[in-house]
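Note that the sequence shown covers residues 2 to 259 in the numbering used here.
For the record, the hints were derived by calculation from the structure and aren't laboratory data.
Fair warning: this is a prediction, and the values are worked out from it, not measured in the lab.
Keep in mind that the hints are not guaranteed to be accurate.
[Stated by the list, open to error] In silico DMTMM-like links for lysine to aspartate or glutamate, alpha-carbon gap of 25 Å or less:
id, residue 1, residue 2
1, Lys233, Glu244
2, Lys71, Glu12
3, Lys254, Asp4
4, Lys122, Glu182
5, Lys185, Glu135
6, Lys185, Asp116
7, Lys122, Glu221
8, Lys233, Glu248
9, Lys233, Asp220
10, Lys254, Glu35
11, Lys185, Glu244
12, Lys71, Asp4
13, Lys163, Glu135
14, Lys71, Asp188
15, Lys122, Asp136
16, Lys71, Glu182
17, Lys254, Glu36
18, Lys185, Glu153
[As the list claims (entries may be wrong)] Here are the in silico distance ranges between beta carbons for each label pair:
id, residue 1, residue 2, range
19, Leu245, Pro224, 20 to 26 Å
20, Pro243, Ala114, 28 to 34 Å
21, Arg222, Arg256, 19 to 25 Å
C-beta: ideal position from N, C-alpha, C; glycine also.
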Amino acid sequence: MNDIWWQTKGEGKCHLVLLHGWGLNAEVWHCITEELASHFTLHLVDLPGYGRSQGFGALSLDEMADCVVKHAPEQAIWLGWSLGGLVASSVALRYPGRVQALVTVASSPCFSARDDWPGIKPEVLANFQQQLSEDFQRTVERFLALQTLGTETARQDARALKNVVLAQPAPSLAVLNAGLEILKTADLRAPLENLTLPFLRLYGRLDGLVPRAISPLLDERLPHSSSHIFPKAAHAPFISHPELFCEALTALKSRIGN
């Protein structure tokens, strides 16, 4: 049986599981792990098929959630960035008793643009899938560059993300395509309306992948949740604004009494 890579750091009473985004791995959290480990027991995960969690084929969103939750502590805050936000949301919906709070970062319950919903145009994701099969490295690099566009430290942030990709084994084409398929088709908007546990949504105002217009729509649709937009951040606020990002998480920890 294949196993996922999982590392635990820190000694805080409150457990925090961190799930990375598409194409990447847990090294993406490197810039904030030291600070967060002084407040939480951190659980760093390479999603199945990514980084050091090799040997997995294409998985559905629910299969990814089921795979990750097997390794998790009984109670934790679950934080997911981008695609990881969908996985963390799926964990919260399927295993609410295991989740103290849900945090999504630069994520959307529905990444694809729909009639009345802002998001990534389906043809853009379809183009990424086509380009992946032709030139894996260039396509992933282009996707990473999109994530940092517009920030004051865009070039430096894109380099940091690229280094994370290159530092670990590359995901297979099947795994990357399955991730894009999840981004293209998943829609958790209605299920999340029934979620009653603490739910914090974090966004970057300059994000070119998850439009900030999603935030007020979800404020209205999910009144039990709260949101925060980092004014000068794009798709990776924990890389461009690590201190503000960590402050938001420690404030959440105080609110839920940990």
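* **Hint numbers contradicted by this structure** => Going through the list in order, the structure violates hints 3, 11, 18 and respects the others.
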